[in-house]
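J.: Chains D and G supply the protein sequences, listed in that same order. Okay, so the first sequence: first residue is 177 according to this note's numbering, each after it adds one. Okay, so the second sequence: first residue is 880 according to this note's numbering, each after it adds one.
These aren't lab readings, by the way, just hints derived from the structure by calculation. Certain hints may be false.
[To be verified] 25 Å max Cα-Cα, derived DSS-like pairs, lysine-lysine:
1. G/1186 to D/217
2. G/949 to G/1122
3. D/413 to D/217
4. G/1105 to D/257
5. G/949 to G/1077
6. G/889 to G/1186
7. D/257 to G/1186
Just so it is clear, the structure is predicted and the values come from calculations on it, not from any experiment.
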Amino acid sequence: MVQLRLLETAEVGVSALLALCKKSSEAPMNQSFSLDLAPFKFLVHTSAPELFQRLSELYPPSVLRSGQNDDLIYDFEIHFKRRFWQPGGSLAFRLGQQHFRFADADQIVPVFEWGLNWCVATYQSRYLCIHAAVLEKDGMAVILPAPPGSGKSTLCAMMMLHGWRLLSDEHCMIDPASGDIVPCVRPLSLKNNSLSVMAALYPQIPLRQRTENTPKGTMAYLAPSELSWASRTVTAKPRLVIFPKYNAAVDGLTGSIFPPSALFMQLALNCFNYSVMGETGFETLRALVQQVEGFSFEYNNGTLAVQQIEALLNAE
Amino acid sequence: MQSECIAFLKSPAEFCQQADNACWSRFIQEARQYALLGTCYFIAREQHLWDLIPSQVQAHLTSGYHYAEKQKITLLHEMLALEKVFTDGAFPVLVVKGTAYRLAGYQFARGRVFSDIDLLVPPEHFTQALHLLNNAGYLEMAMSAYDRRYYLRWSHQSPPLMHFLRGANIDLHHHIFPVASREDIRVESMISTALPLKNSAFSTPAPAYLFMHAAVHLFYQDETHKLIKDLCDLYQMYLEIIKQEPVQQIIDAAQASQAQAAVLYALQSLQLIFGIRLPEEAAQLLPFASRYRQWQMRFLLSHLLDKTSFWHRPAHLAWVIRGHLLKMGPFTLLYHAVAKTLEQLKDRRTLGRKQRELDAQSRPGDAH
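So here's chain D without its partners, still in its complex pose (with noise of 0.2 Å):
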């Protein structure tokens, strides 16, 4: 198929005159950084200074490093970078020649994390991805999917501010062969009335960048603990699933079981690559679902929550 993309054709062209009049055609004020979040390494390439002292309020020093380290091995080489033919001077967020989203320069925060998400999500079939949050205490994981909107990011934050360990808020990513749960820490994404609740309920937490009027509404983003950072290798067993939603015209807090094949429908449902690990992903599934318990929660009180999840896990 011959499509002439008049404007690329143009950026190519004007990219090999400067070629000619110079070596490297890199601007200067491009930058790059690394950040070490286990098990993925991303290399990032930006043309917004701003970015890395930006996401230093998000990532600690140990995982966001300036520069590059040959002696790493990158799992994704992120360009995240203006073009000078798109309109409205914005970012682009690439992975190689793939173009995630273009992002203004008051948003480049929230769609940098979305496109660490995407890269996730859609890059890696080494381990089963299910869209959920995934927290650990003594040793034992609760898996909690949701679709958007039903509480779990705030739920989730709760938890770890009671003492848990957070693994991830977006992937629970869960190793084939060994059936455990293998941590992904980020800054927690928190969005319109989740903040509310956060600063009524933990004033004395700071939400870090917060950004109005992104295509999600309202986000800031909650840094995870020190335990969280510290022990983002360490694996974890799945023991509870919950699906958590927030129901304000509930008392308190009801709760259902969830039968194992219905359990292992819903997780299918919410899982991102399900359907591309084919058999492995059925099996992995399959194994997951006999090695947990599966609830789902309704709740006005997220606090009565966190409680019962405890309980379900302190009644083994």
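Following the hints, complete the assembly by docking chain G onto the known chain D.
T.: For chain G alone, coordinates are given in the frame of chain D:
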């Protein structure tokens, strides 16, 4: 040469023993970009090199393997649906390119991914085949009036078709190279020598014609974003084909299809890049490409593959212009360039908004 994937394919054991971490980082990015992770997975497994590969890299190769296996199932499912469309066998229908590699059972097709199903029918049966596909639910995708006319008037295929429920993409070809081109590449012998698939309405081109088609596709194209993948395919295909039949068959296929120059470029490039021994039979093709053209191809390819080269970007631009000129000749290209410029200038104001709307709809998994 700076391509890690090419280095891996050329000598997998040596690559695995010698690669440092920076090299593996580049390998992962490149293999992902060119969809070669699955291919490399199978090579590493077959050649017992798996344990030499760092676990971080193994994870990506495994991801590529899973994705390729999933695509294989999707392809076979779609081909079963297509069998019903062409079941009466009124005219030959060839599956070509990636789908043919897979269906004809080539070893190098394992782990390979593809974006659409390519079918080739004799030009006189093209309208009939298109009707059959339309009636089965494969419909044209939305595109501008100019683009649609471009396909109908100058191209070698119908506007891309998509199944209205399953989303499967089909390119229905009547030739293997645009009819607007001054290169008059023939398909008659490719069709008449095609090998029928057992218990199927479809045929696949004979091995030599598969190679010829891949060579035309690679060396007459205007794009560079799949160059490394195409070169790796061509190399593996060549090694497999010459085990099955004499090189002379490839030369004969080139001559019967009037694609001598493309096949000469292919053989010379495999010699330049992968170090194959240039077969003596290739001398029969030498009169079809001037020494300047042969030098030009060597120059462009070596600088396209070397991102650190001073000439990398100029070579890219030259490749784009050369490919367009080959596809449509100077006058049609001039017309096409003016028309596309006007169309894009008209759309300029809405380009950003359109892109954002597309972005907002993107979901994890879309990139594949």
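J.: Compare the structure with the hints numbered earlier in the document and write down the numbers of the violated ones, lowest to highest.
T.: Violated: hint 2 alone.
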